[in-house]
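Chains as they are written, first to last, in my numbering: chain A, 1 to 373; chain B, 1001 to 1373; chain C, 2001 to 2289; chain D, 3001 to 3261; chain E, 4001 to 4261.
A portion of the hints provided could be inaccurate.
As the list claims (entries may be wrong) - Simulated restraints on C-beta separations: (1) E:His4090 - B:Ile1036: 34 to 42 Å; (2) C:Val2260 - A:Ala125: 31 to 39 Å; (3) E:His4090 - B:Thr1104: 42 to 50 Å.
What the hints assert, rightly or not - In silico lysine-lysine, DSBU-like type, Cα no more than 35 Å apart, as pairs: (4) B:Lys1237 - D:Lys3117; (5) C:Lys2079 - B:Lys1185; (6) C:Lys2124 - B:Lys1209; (7) A:Lys185 - C:Lys2124; (8) A:Lys209 - C:Lys2275; (9) E:Lys4061 - A:Lys237; (10) B:Lys1237 - D:Lys3112; (11) C:Lys2004 - B:Lys1209; (12) A:Lys185 - E:Lys4196; (13) C:Lys2226 - A:Lys209.
What the hints assert, rightly or not - For the chain A half of the interface with chain C, some residues (derived, Cβ under 10 Å), not all of them: (14) Asn59; (15) Leu105; (16) Arg133; (17) Arg150; (18) Pro157; (19) Gln158; (20) Gly167; (21) Glu174; (22) Asp176; (23) Glu252; (24) Gly295; (25) Glu343.
In case anyone wonders, no lab produced these hints; they're calculated from the structure. Owing to the predicted nature of the structure, the values given are computational and were not obtained by experimental measurement. Backbone N, C-alpha and C fix where the C-beta goes; we use that ideal spot for every residue, glycine too.
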Amino acid sequence: MSDAPTQFAEDERIKTRSKFREAMIRPELGGIIGTITVFAMFLIFAGDSGMFNSQGVMNWSQISAQFMIIAVGACLLMIAGEFDLSVGSMIGFAGMLIAIFSVTLGWPVWLAILVTFAIATAIGALNGFIVVRTGLPSFIVTLAFLFILRGFAIYLPQTIERKTIIGGVADAAEGDWMAALFGGKILTGLFQWLGDNGWIAVFERGTRKGQPVVEGLPMLIVWAILLVIVGHVILTKTRFGNWIFAAGGDAEAARNSGVPVNRVKILMFMFTAFCATVFATCQVMEFGGAGSDRGLLKEFEAIIAVVIGGALLTGGYGSVLGAALGALIFGVVQQGLFFAGVESSLFRVFLGLILLFAVILNTYIRRVITGER
Amino acid sequence: MSDAPTQFAEDERIKTRSKFREAMIRPELGGIIGTITVFAMFLIFAGDSGMFNSQGVMNWSQISAQFMIIAVGACLLMIAGEFDLSVGSMIGFAGMLIAIFSVTLGWPVWLAILVTFAIATAIGALNGFIVVRTGLPSFIVTLAFLFILRGFAIYLPQTIERKTIIGGVADAAEGDWMAALFGGKILTGLFQWLGDNGWIAVFERGTRKGQPVVEGLPMLIVWAILLVIVGHVILTKTRFGNWIFAAGGDAEAARNSGVPVNRVKILMFMFTAFCATVFATCQVMEFGGAGSDRGLLKEFEAIIAVVIGGALLTGGYGSVLGAALGALIFGVVQQGLFFAGVESSLFRVFLGLILLFAVILNTYIRRVITGER
Amino acid sequence: EGEKYILVSHAPDSDSWWNTIKNGIALAGEQMNVEVEYRNPPTGDLADMARIIEQAAASGPNGIITTLSDYDVLSGPIKAAVDSGVDVIIMNSGTPDQAREVGALMYVGQPEYDAGHAAGMRAKADGVGSFLCVNHYISSPSSTERCQGFADGLGVDLGDQMIDSGQDPAEIKNRVLAYLNTNPETDAILTLGPTSADPTLLALEENGMAGDIYFGTFDLGEEIVKGLKAGVINWGIDQQPFLQAYLPVVVLTNYHRYGVLPGNNINSGPGFVTKDGLEKVEEFAGEYR
Amino acid sequence: MTTSQPLIRMQGIEKHFGSVIALAGVSVDVFPGECHCLLGDNGAGKSTFIKTMSGVHKPTKGDILFEGQPLHFADPRDAIAAGIATVHQHLAMIPLMSVSRNFFMGNEPIRKIGPLKLFDHDYANRITMEEMRKMGINLRGPDQAVGTLSGGERQTVAIARAVHFGAKVLILDEPTSALGVRQTANVLATIDKVRKQGVAVVFITHNVRHALAVGDRFTVLNRGQTLGTAERGEISAEELQDLMAGGQELATLEGSLGGTV
Amino acid sequence: MTTSQPLIRMQGIEKHFGSVIALAGVSVDVFPGECHCLLGDNGAGKSTFIKTMSGVHKPTKGDILFEGQPLHFADPRDAIAAGIATVHQHLAMIPLMSVSRNFFMGNEPIRKIGPLKLFDHDYANRITMEEMRKMGINLRGPDQAVGTLSGGERQTVAIARAVHFGAKVLILDEPTSALGVRQTANVLATIDKVRKQGVAVVFITHNVRHALAVGDRFTVLNRGQTLGTAERGEISAEELQDLMAGGQELATLEGSLGGTV
Ligand SMILES: Nc1ncnc2c1ncn2[C@@H]1O[C@H](COP(=O)(O)OP(=O)(O)OP(=O)(O)O)[C@@H](O)[C@H]1O
Ligand SMILES: Nc1ncnc2c1ncn2[C@@H]1O[C@H](COP(=O)(O)OP(=O)(O)OP(=O)(O)O)[C@@H](O)[C@H]1O
Ligand SMILES: [Mg+2]
Ligand SMILES: [Mg+2]
């Protein structure tokens, strides 16, 4: 074997590219450009509508955080080559379980939450198990669970409580430490201080006169940030992350190389169910009750956020940061249209157009990265 | 080159299989077994509930025919390797167009229908064009159109008429030949004769006393049968059918072999839109009005019927007859559960379970056909 | 004994308000000793509902109780049912005239437009000049009628004072917040049921307008009752769904058993529920109220 | 064997993929009735080159003259219509479809029943079985799915198809790489036969012996550039092999890997 | 070179796919330190056979003894853990992933930061570049996507990976079929090297010359059955070639395709 030079050889067949261009080319680029565009647009068209005062910011941040929570799960699962249409139904179902356990059965709220998480991830595992065992497309399997879980979310409260909305969780959760973990707010002191100093608006009338209009950072947002960070580190920095890419890129090849593909996929289904349950728990704790119709269409919204964020629907390519930006864009647009006073039934039309535009942009970027195909 | 024997050589490496088994192995087998099972079950559990009297039969036949109409389109499109999530929204949108054209604008109904068909197939073509041009997955592109079309189906009537339902089409359609093509009934003489002879039930009171309860064969069912036959012939007996299989099996390979893949895919998107418009037109003509919420979730129902009928979600494999059987099963189950008196909120749970069961059965059958994988 | 009645609604099966209806027919069925069934189109598609009515007729019940939320779509199947010998009572939506038209025995319910109109008149008397209608079910015609009626009652143009809020509570809440943020001079809020009222309550609490802004709602629920009690909600329009479900069963049973029939339609609403006299409402909210 | 007028003249073809320069100006002439071997190292750009010839890629720069006329293929379909049949390295077969449907894909035989034009399945099945047998493969039946064939069997279907439908130019991208001894001999014999019928054959291979057995002219690509074209007889197997390896010295085995690889 | 105890003993292996009998009872022993060539016609069952060896397929009948112990692989992971590395004919690469991620797929190097175990990208990149250069491929960079490599380049990545992670048995399914002259020489030299380290190599090829260059023993499969195993030296190139063609006569070229194909 000829002696190999110890330095990497230059290849004359590569055009040189500027450092800047090199740095720009990453899966999140579409998300970054989108975010900038969207903010610029709304600053122009809705800058004076209150969208960017403290209350307005909190407003779209919460919506975006909701999307982020489910988008992280959907993103990792999609990169692993599958997707989950039962996310929305899972949100309804998990919320209902918490309400039934804590209100109807009177369990302490922390127990209700823990048991619900256990059940939800078990269902996620079942989803994954069926997919890897039968080799069926996840579209079909999770579509079945979309119906099954929604069916139970309606059937259970109706048979048990004879209603489809179960309230009273707020009372049950009073003083429960785990409930606070999902429904509470942090940094209230900071916000009070900001309000006292006049940096953020305070109430001018009503019962809470003098208090800052934004009380604190809701745990919903904390969860969203946490999940994004964890998801990002797992995906890009660990061995398991490499397996996720491999499982989604070509399951057969990955399996032949010794990647435990089935385990990876099942775990990702469980993680998606986990994220949906976080969403459901935050919602139940914030609104104090669960309804059978919670989470309708959320599976699509999660997938949309992920795809806007640059992931490939067919698996093997994507980024959690991108998905988070996708969720941010989605949330800002949705609320921004309201602030801008656009006829609200046109919202869907805009949503569709933005989705189309975003994916076309992303595809273009991906082609630039991997070379024309 | 050595002289080739003129007869096909036997291969000693093939186990012999019985003629019966050979004949049974076809994509529709799952559908056939399913149909038999479902009918047997409901004959036992709902035999005396009116499900199998003339009215009952007409009831589930119409539901099944509805599913069939959209399933034929979805089936060919799925075999060509794409799918369309905008079918349901297209139904709402197309119906709304017909109503707006004929009632609000006062056009003759035949013109309204023709223009609507033109617009709908153009949108189908646009869908297809975007998919083939950008190489984006049809899931995403048609998801965008799901939102866009539904948005317009809500926005248009609200801005024009300030309501979400436009009625009065029935009056406008009085005496219109094309309206009769979609909303009329045939074989009324036969049914009258059946009623006169007491073989089917007749009205007991009111203006229509003595007339049979089931007046005739609705054009809806005629359209369903027609589309199934046309779809089946195209798929299995023509050159174009071979192209559909090829485009869905491996678009790149098909393109390299000279199959005009883009044309095939765009045509299939147009055909799917056409089928959705047939559905919408029949509905508008039968019920005399259009509503913004028509067709919700119908895209899933179409896909479910097709998949129950043995097609592969990933394209390249399937059968129109199978899809028609899938639609029949779906319709019979949906209505049969009501006849059997099952708690209605459990309907979704059953739907999910049947879907799961059906696809697992189909996969098993396909593996037997193509050999273990 | 053992007559069979089927109630067909137009609501998608997750709609919480219809739960009271289910409980109402169940109770009536028990008390009258008849068989009752509840059916609805899972997605709320009225064309599917028409098929369900046809099917209900095919299964040969003694009577059908149904809503008439779109005359064009539903009149055909209802007429066919009537003609094939099934007695029909119209409940909830539609108008008494339409009920007569299709050959129904009677109408029990609350005409939506009129209810909205009455609410609008009341609000006008209380000095309201502009409002926000939070419509969580925009594709249903009756919900738009409520908003339209309210606007007409106030004597103002509906314009874009009605928002399509979607059904996710967080989205409803934040859209209400966004609207109030951009239109701070809004006088009143009208919600169309618990789905939109509950998050709106939270929204008002969060932006400090609770108790300050004029707040009316259709239909009752647990949280709405609490809001009424706390003085955040000024009034709730109660159409008493319980009666809409319970009475037709009783009427039909008595008609079939003894041939007796009330001579007129029954308006189950609108009744305005305010802070006063809430105990019973509180006890049974979401179940029978 | 070479006439004055080339059938295809590729001039200064360049092809860039994003920042990668796959072809940096390659010129090749292909004459009717010759077997033109395209040789070169892995990644030299052979497949990319023939893809510009068969309409799969549009060249970034350079001209293609077909029978003296400048040509712009929008699509492989155009190339096929112009008489260029290609067997790609990554196969052009649909695994889920039957062998006979694959064989006639894009060229389906038609049987007319009144105004209806139907796919003539009987004819297709018969021809497929015959052609495959000629190549030395006994199929189990014409409706066997291609996905159940072994790699070499699939390759053979693709070659048999390209040959059957006739063409002015037949492009074969490493057709023999996955083939068994018998199938290889058949393919080489087939190349020899169609060449004699006046068809121009472009034959890509890594096997020097296969190239020398049927080639009339040899063009060697190296890192996106051509190292020139040699006539048969002008060059020895060893020289060719050195050129194909890009001029770099070869790893040698302690045992004997005498002569050509 | 052959010791008394075979490393893997495959006895009477049968494999049926539905109604197709791909293997009808094949017995082969593989000894440490030998290069065992598996030869045969297209569709003879070679790939199927080595897939039962590497845990991809479960045999329908027959026993596998590994170091004298009966083995039941549920999964390729088990086979890899037991020391059987395989380079499959249809590659085991993920096109969208970078070369270095592919190289270490399933064997990711770990760098510990406190309690966190992170994927050591620097190490992976460095090793990948080095190993590829040893095989004669100069990568543009370790984060180039595998999908942008040519067929031969990909093949080389797969082989380099299998060799790098060491194993008791190295199975190569037509590794040289898509390779250029230089890469082929490298692969053959690599086989020679690892064999000398005591690794058992199972080498599938259609090229008689490649087989003879490195093989110690030769087993020929034909239509799912074995035609027997020959030692090196016991058999000539011509005999081997006849066996590989399944005993059927070869098409001959008018020109000279003298000797072996
Ligand atoms: N779609 C693409 N995007 C980016 N680079 C590509 C693409 N296709 C090919 N290349 C690059 O172009 C170069 C030439 O590739 P090509 O497939 O033409 O090589 P080849 O000569 O056919 O090699 P082999 O003998 O291995 O088949 C390779 O280095 C490859 O990495
Ligand atoms: N999954 C499968 N289903 C059905 N038949 C199969 C399957 N896999 C392989 N076969 C059949 O088994 C036989 C042996 O295939 P195999 O791939 O082992 O051949 P091979 O010796 O590797 O051929 P080649 O040299 O062409 O790679 C082939 O005839 C093939 O059709
Ligand atoms: Mg190549
Ligand atoms: Mg093989």
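Here is how each hint holds up against the structure:
1. The hint said 34 to 42 Å for the Cβ distance between His4090 of chain E and Ile1036 of chain B, and at roughly 40 Å that hint holds.
2. In this structure, Val2260 of chain C and Ala125 of chain A break the distance hint of 31 to 39 Å, their C-beta atoms being roughly 60 Å apart.
3. Checking the proposed 42 to 50 Å range against His4090 of chain E and Thr1104 of chain B shows it is violated: the Cβ atoms sit about 60 Å from each other.
4. Note on Lys1237 of chain B and Lys3117 of chain D: the hinted pairing holds, with a Cα-Cα distance of about 9 Å set against a maximum of 35 Å.
5. Taking the CA atoms of Lys2079 of chain C and Lys1185 of chain B, the gap is about 18 Å. The hint holds against a cut of 35 Å.
6. Distance check on the hinted pair: Lys2124 of chain C and Lys1209 of chain B sit about 51 Å apart at the alpha-carbon level, beyond 35 Å; violated.
7. As the CA atoms of Lys185 of chain A and Lys2124 of chain C are separated by approximately 39 Å, the hinted pair breaks the 35 Å bound.
8. Restraint check for Lys209 of chain A and Lys2275 of chain C: the C-alpha separation of about 25 Å stays at or below 35 Å, so the hint holds.
9. For the given pair, Lys4061 of chain E sits about 44 Å from Lys237 of chain A by alpha-carbon distance, which is inconsistent with the 35 Å threshold.
10. A C-alpha spacing of about 11 Å is found between Lys1237 of chain B and Lys3112 of chain D, which places the hinted pair at or below 35 Å, so the restraint holds.
11. This hinted pair checks out: Lys2004 of chain C and Lys1209 of chain B have alpha carbons roughly 23 Å apart, not beyond 35 Å.
12. This hinted pair does not check out: Lys185 of chain A and Lys4196 of chain E have alpha carbons roughly 67 Å apart, beyond 35 Å.
13. A distance of roughly 22 Å separates the Cα atoms of Lys2226 of chain C and Lys209 of chain A; the hinted pair therefore holds under the 35 Å criterion.
14. With a cut of 10 Å, the hint placing Asn59 of chain A at the interface with chain C holds, because the nearest CB-to-CB distance is about 5 Å.
15. The closest approach between the C-beta of Leu105 of chain A and any C-beta of chain C is roughly 18 Å, which is over the 10 Å cut-off, so the hint fails.
16. Interface hint status for Arg133 of chain A: violated, as the beta-carbon distance to the closest one in chain C is roughly 29 Å, over 10 Å.
17. Evaluation of the Arg150 of chain A hint against chain C yields a held restraint, the C-beta minimum of about 7 Å falling below 10 Å.
18. Below 10 Å, beta-carbon pairs count as interface contacts, and Pro157 of chain A has one with chain C at about 9 Å; its hint therefore holds.
19. A least Cβ separation of about 7 Å between Gln158 of chain A and chain C falls short of the 10 Å threshold, and the interface hint therefore holds.
20. Look at Gly167 of chain A: its Cβ gets to within about 4 Å of chain C, closer than 10 Å, so that hint holds up.
21. Checking Glu174 of chain A against chain C by beta carbon gives a least distance of about 15 Å; that is not within 10 Å, so the hint is violated.
22. With a least beta-carbon distance of about 19 Å to chain C, the hint placing Asp176 of chain A at the interface is violated under the 10 Å criterion.
23. Taking 10 Å as the C-beta contact cut-off toward chain C, the hint placing Glu252 of chain A at the interface is violated, the least distance being around 38 Å.
24. Given hint, Gly295 of chain A at the interface with chain C, holds; its Cβ is 7 Å from that chain's nearest Cβ, closer than 10 Å.
25. Hint status for Glu343 of chain A: holds, given a least beta-carbon distance of 6 Å to chain C, under 10 Å.
Hint check: violations occur at hints 2, 3, 6, 7, 9, 12, 15, 16, 21, 22, 23; the rest are consistent with the structure.
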